[in-house]
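What follows is the residue order along each chain.
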Amino acid sequence: MVGIIIVTHGKFGEELVRSAEMITGKQEYISTASFMPGELTEDLSKKIRSAFDELVDCEKILVFADIYGGSPFNCVMPILKERQFQCISGVNLPLLVEAFLNRDSMDATELNQLCMTMCHQTIKDISGIIQCN
Amino acid sequence: MGLVFLRIDDRLIHGQIVTTWMKEVNSNIIIIANDLLAKDSFMKRMIELAAPPGVKVEVRGVKDTTEVLGGERFEKDRVMVLAKTVEDVVGLHKHGLGFDYVNVGGMGAKAGTKVVYRNISCSDTQMELLHQLKAEGIEIEFKIVPNEKGMKI
Numbered sequence: 308m309v310g311i312i313i314v315t316h317g318k319f320g321e322e323l324v325r326s327a328e329m330i331t332g333k334q335e336y337i338s339t340a341s342f343m344p345g346e347l348t349e350d351l352s353k354k355i356r357s358a359f360d361e362l363v364d365c366e367k368i369l370v371f372a373d374i375y376g377g378s379p380f381n382c383v384m385p386i387l388k389e390r391q392f393q394c395i396s397g398v399n400l401p402l403l404v405e406a407f408l409n410r411d412s413m414d415a416t417e418l419n420q421l422c423m424t425m426c427h428q429t430i431k432d433i434s435g436i437i438q439c440n
Numbered sequence: 013m014g015l016v017f018l019r020i021d022d023r024l025i026h027g028q029i030v031t032t033w034m035k036e037v038n039s040n041i042i043i044i045a046n047d048l049l050a051k052d053s054f055m056k057r058m059i060e061l062a063a064p065p066g067v068k069v070e071v072r073g074v075k076d077t078t079e080v081l082g083g084e085r086f087e088k089d090r091v092m093v094l095a096k097t098v099e100d101v102v103g104l105h106k107h108g109l110g111f112d113y114v115n116v117g118g119m120g121a122k123a124g125t126k127v128v129y130r131n132i133s134c135s136d137t138q139m140e141l142l143h144q145l146k147a148e149g150i151e152i153e154f155k156i157v158p159n160e161k162g163m164k165i
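If you read the sequences in order, they're chains C and D. Start counting the first sequence at 308; every next residue gets the next number (the numbering used here). Start counting the second sequence at 13; every next residue gets the next number (the numbering used here).
Treat the hints with care, since some could be wrong.
To be verified - Chain D residues, not near chain C, derived (Cβ > 10 Å throughout): (1) Asp-22; (2) Gly-120; (3) Lys-122; (4) Val-127; (5) Gly-149; (6) Lys-155.
To be verified - Listed next, the in silico PhoX-like pairs over lysine-lysine satisfying Cα-Cα at most 20 Å (straight line): (7) D:Lys-146 / D:Lys-35; (8) C:Lys-354 / D:Lys-122; (9) D:Lys-126 / D:Lys-106; (10) D:Lys-35 / D:Lys-68; (11) D:Lys-122 / C:Lys-353; (12) D:Lys-122 / D:Lys-146; (13) D:Lys-51 / C:Lys-388; (14) D:Lys-35 / D:Lys-161; (15) D:Lys-146 / C:Lys-388; (16) D:Lys-75 / D:Lys-122; (17) C:Lys-367 / C:Lys-354; (18) D:Lys-68 / D:Lys-126.
Stated by the list, open to error - Computed, partial: chain D to chain C, Cβ under 10 Å: (19) Arg-23; (20) Pro-64; (21) Ser-133; (22) Thr-137; (23) Leu-141.
Calculated directly from the structure, the hints in this document are not laboratory data. Please read all numbers here as calculations on a predicted model, not as lab measurements. Just so it is clear, CB atoms sit at the ideal spot from N, CA and C, and this is done for glycine as well.
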């Protein structure tokens, strides 16, 4: 099973996991790293490393960061130098649910590709749809 | 023009915060002044690759930053310099970079520091260095984003 790590500003990632589990059911091999106000990026890098350590049983890992260019993203990037994993920035609830539902049957690269194909369908202008009808 | 804005932020370029400042000071070039990063070719490449759209980013050592800003290369540009630490700013000053304002925008908490403004933490030594710069006529302001009141020392 693909291990999933979510790295975010504050506890957004921890809560995203709880919210996604409301839809998919309890998940195993999930780890989060939360960057809290006043912390150093060095603190966050340590948390990300422990998140990887927690998923030592997973052969493949997919990491989600929240904002491209943000500190969570900035701290994940240098780890790509040391180990192989898939990484997506811009995590949201529908994407995480999609990843949870398919992590049993796909490898990390396929899961990444699936999320990237899906991502444009995860945000919709609902008022726009209603106006069209 | 050359240097138009000097900021200390140990998170360097992150999220929309730096781009907000760039709009505020009308700059589209960032020089990150830090000796360790300048020597780390992987991190240097990563930082330059993840530059916000339309922004040119260069990572340089402290001395190198002073020299390049003293030359003709950025004469017609409006450059923002991002320093990782107070010590980097002191280094820029010692090497002769001219500036009369330092924006302190981000310093995380670690052993030996205390919170001085919102999420910004400082050690006694760093505070003393900032006061020394102030004594030389440089304005020091703690301010994370442009639209807040901030705190001058």
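Return the numbers of the hints above that this structure violates; sort them in rising order. 1, 2, 3, 4, 7, 9, 12, 15, 16, 18, 22 and 23
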